[in-house]
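Colleague: Chain residues, written in single-letter form:
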Amino acid sequence: MFLKPVCLLTAVTSVLILSACNDNNQLPAPLSEGLVYCSEGNPESFNPQLGTSGTTVDATSAQLYDRLIDYDAEQQQFIPALATQWQAFDQGTRYRFKLRQQVAFHQTAWFQPSRPFNADDVLFSFNRWLNEQHPYHDVGGGRYPFFRSSGLMRLIKRVERVDDHTVDFWLNQADSSFLANLATDFNVILAAEYGAQLLAQGTPSDIDRLPIGTGPFVFDEFRKDFVIRYRNHPDYWRSQPHITQLVYVITPNANKRMLKLLTGECDVIPYPLIDELAQLDTQAEIEVASAVNPSLSFWAFNTKRPPFDNPLVRQALAHAINRPAIIQNIYGGKARLASGMLPETSWAYSAEPQAYPYDPAKAIELLQQAGYPNGFSMNIWAMPVQRAYNPNAQRMSELMQADLARIGVQADIISYEWNTFRQRLARGEHDSVLIGWVADNADPDNFFRPILSCAATRSGNNRTQWCDPEFDQLLVEAITETEPQQRKQLYQQIENYVMQQAPLVPIANSLRFQAHRADIQGVELPPYGGLSFRKARRLTDAPL
Amino acid sequence: MPNTSIYYQHREPSPLRQLWLHITANPFAMVAFYIFAGIMVLMVLSPLVSPFSSETQFSDHVLQPPAWHAEGQIRFLFGTDDLGRDLLSRVLHGSVYSLGYPLLATLLAAVIGISIGAWAGMSQGVQSSTLNHLLDVLLSIPSLLLALVIIAILGPALHNVMIAITLVLIPQFIHSVHNAFYEERNKEYVVASKLNGCTRWYLLTRVIFPNITSVVVMQITFALSTAILDIAALGFLGLGVQAPAPEWGTMLARSLDQVYLSPWTMVLPGLALFLTVLSINVLGDSVRAAIQERIRNS
Amino acid sequence: MLRYSLRRLILFIITLWLLSLFVFALNYWFPGDPLTNMTGIRDQSSYAYQQAVDARGFDSGILQQYVGFIDHLLAGQWGNSLASQTDVFAQLQPLFGATLELGLLAMALALLLGLPLGIYAALQQRGPLDRVIMGLSLSTYSIPVFWLAQLFILLFAVKLGWSPISGQINPLYNIELQSGSILWDIWRSDMPYRPAAFIDALAHLWLPVLVLSLMPMTMLIRIMRNAMLDVLQQNYIKAARARGLADSRILFRHIIPNALQPVVRQLGLQFSVLMTNIIITEVIFNWPGLGSWLVKSIYERDYPVMQAGILVLASLILLVNVLVELLHAWRYPQVRKEQHAEH
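Chains as they are written, first to last, in my numbering: chain A, 1 to 544; chain B, 1001 to 1298; chain C, 2001 to 2343.
For the record, the hints were derived by calculation from the structure and aren't laboratory data.
Careful: at least some of the hints might be erroneous.
Taking lysine-lysine pairs in the DSS-like style, the calculated list, with each CA pair at most 30 Å apart, reads [claimed, not checked]:
no. : chain 1 : residue 1 : chain 2 : residue 2
1   : A       : K304      : A       : K362
2   : A       : K334      : C       : K2159
3   : C       : K2296     : A       : K224
All chains should be built: construct the whole structure from the sequences, respecting the hints.
Modeller: Right, here's the structure in full:
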């Protein structure tokens, strides 16, 4: 592709043999057997247990690690992974898992496993976040936001080793979402032996920096802001990955990512600019894949800070934003204007009229009632990266800036690098933020508890800092209710309550897209979770 | 009317006037001068001449191509950006940020720098040589790097950028003015004035200063183009003037998101920047040529 | 020469000392806790923080703190990055190599093309080609580098496909990171695809090098041309002509060596210009060098990285300036006399 002028260059500088320029069709082995994924940002760490960021999950979960069980979205059932079979006892308060034998951990320069995977590794992985006395509990911050906000931390009483390849999970009460939560990308299995070795070396924090797992790829190197390099795991227990090398090139700019896909510098990119790709891809070299990934983008107010502690102000701001224009302008019409928290695809969803139509006059009136006739100034934090739910938060915030100016509210836009951004959000330094949520599982509870509950406030994941006992009470009622129709009604009640309080303004539900070169196949994009390169391969037209 | 001067009088034009004569003799410099003057006029009149406000969003006309394009409209002469804002209006309004503010920073830096430079140029001995060495060192560090450091301390915002650029430009003025004074200080005409009993102040302002104006003018053009480029570069890196202000560098950075399908969003602010800097550089170049000629002739 | 060199070296050391004072002061000027800004340890109750307090003299006066700072600086303990918690000094070395590679290649290209063009323009003084070269050089000098880089990427990388858009090399070539300079690392690696990797690296390199070299190149053209014109008017050239020396001999033995003097004097300044542009160019081309590292650290408010970037970039520029001055003084002895006589 780029060989022509280079041949000239090499000829001029007379550096190297020219023969390499002639055989254009023969790609050198590392190129034909490897794959370049241009990711949108740096992972926070190499352990998905520690965060909730999709960027981290995409970079680690399915590549480096395995889970006890996986969820097959097509068959809608759980399938064996590191556990071969499982069974519930004692009215669903105890689960017994039989573990797979002969599963090898990664061999790297920093760790040589002496034994295959067994029950100790399961105990190690779960006790790390479950048991506050565990030596690794506080390594890497000790926050475990997923486990805290999903309630898993309170659900599991203890994990017990029965024999080398059997473990028991004791639960505090029966919970039908237990298996679904186990199958999420966050429940990865780490190596207990590696943990012990690092502890002996006195460098426990390396466990999340130089990761060891059982997954299809082995971690090679990470250069922040540039590349993550993986190679295939030769002793992987499932069938070997087809590619020998997997490289994540960190490319935060969406336009650059698209251009690099067109020039062939990237093989796969997340969150493509669909319209623009369609116009540019005249040779049909690019294919776009999409997944129904239930998601919600929203504008959250920091309700701990005045004036956003006043519901009237929040309602006024919700009326001030022209959301249909946002859908048109930012999503290119490829998203649905959200009417509430739940997306249309959820079974608990029921169509309701828009609670906050675009109405600047109403907004001014509400502001006057709240005691801000002359408006105020605030900041909008806009994510620096693209997410499935929001393709361009910066541009969205500029649209909103103009809308807000109309009601006398002066908004400044603030942005930091993605990880810094999230850390500062968790510390509650923002007035308001444009962010969103991608569902981890299909339960409607997943759209409320992790986003708005008091538990989520404590784990720093509730961007609104909103902690309302009444709301939490409603949530508990809804999750203990077993009759679906009743449950649906309860969720409707919750929706109405949230809309009335307006700690956040829902903006859009959208699909998740991914684009790849036409010669790449098998990149999996599961609806609930990160992408997987296990089955990815490059089609070569070389005669065999 | 009879000629009243009886004797043949040759009046040497003042250095500033000499400079002007030199510029008018050079057609390129004249073109540059007119371009620069035109941009200045447009900047001052930008609230009046631009068709729209810089922040009005026409959501029905997002990424509208320029008027000469088949899909373009005469309403948006140079097209619109990704939020449906008229590009011509934005570039015109942006001149305040990208030319007006650098101009202000340059003048501020000039006033401060010239005062310190003149004071240092008139003083003797160690003090002066230490200052000179220090300035040499400070000047070898790129102005953009210094501005980045100051922004890192103060945080990105318009007034901080102004502070940073002004601070960065001051040493350049001190250096050139100091050197110019140093050279003039011991020339015969200065010594003669000294012997005549002129005060230091008179010496400074009426004797030496008129003779270094061309150096000052050259330094101002140089500083101005540095200031413009640095403010634009900071804007481009997202560390300068913040959105939605239509600063040219910020506009350029924003245009990168849709540059391939809508190249006009990138061309106009870049061209404005280029023309402004080019006209200033051509002017500065001819000032430099004039100074060299004077030295050669003297 | 020795006296002159010593003088310059002492001055250099003094400036480095001032620079260290400045960087030390930055820790107090940046928002937040000075010790956190220095070491990257955020948790003030942690054991590591207490250790740092002791080691860096933060329980005693500012002088002790400065001594501690210098101690750690010289020992290569530059703290950890606030963002990634990795050792700053360890990160630094490959970044430095990458920046140096880009900078030196661009400077070489600027010299290789700029000097002959300047000579040519001077010999054709006031001719059409002289005007074209001078006009072009003035316009190129006025193009903002970030605009130029983007235009070049659009033209050469996207439209023509002559070069990749960004990066150092196709990352699938697993080149072990040693010096950070990609060509050198390929040379030293033992993988079987060295020629192909080398070509790929060159394909990535030429565009940023070209963008970077244009600005110093235009300056060098102008300086060289003016210096040539000055020398051409000198009496000794007239004398040489009068003695009937061949034109080529006069040009190469008398004019060019003397005309090079102001060029050499300006090289340090040109390097500074180059370093300004390298900061922006690295960001645009995603080049893993000091410039992009510094800019990202400013986005992330990563103070340990920021001060390391500033310190290294500034020292590099100062060092090159001193080296150029020494070269200048060694090559052109008359300069030393001037320096001694007056200042």
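Colleague: The structure should be examined with respect to each hint, and the outcome stated for every one.
Modeller: So, going through the hints one by one against the coordinates:
Between K304(A) and K362(A) the CA atoms are separated by roughly 24 Å; this keeps the pair inside 30 Å, and the hint holds. Distance check on the hinted pair: K334(A) and K2159(C) sit about 29 Å apart at the alpha-carbon level, within 30 Å; holds. As the CA atoms of K2296(C) and K224(A) are separated by approximately 10 Å, the hinted pair is consistent with the 30 Å bound.
The structure fails none of the hints (numbered hints given earlier).
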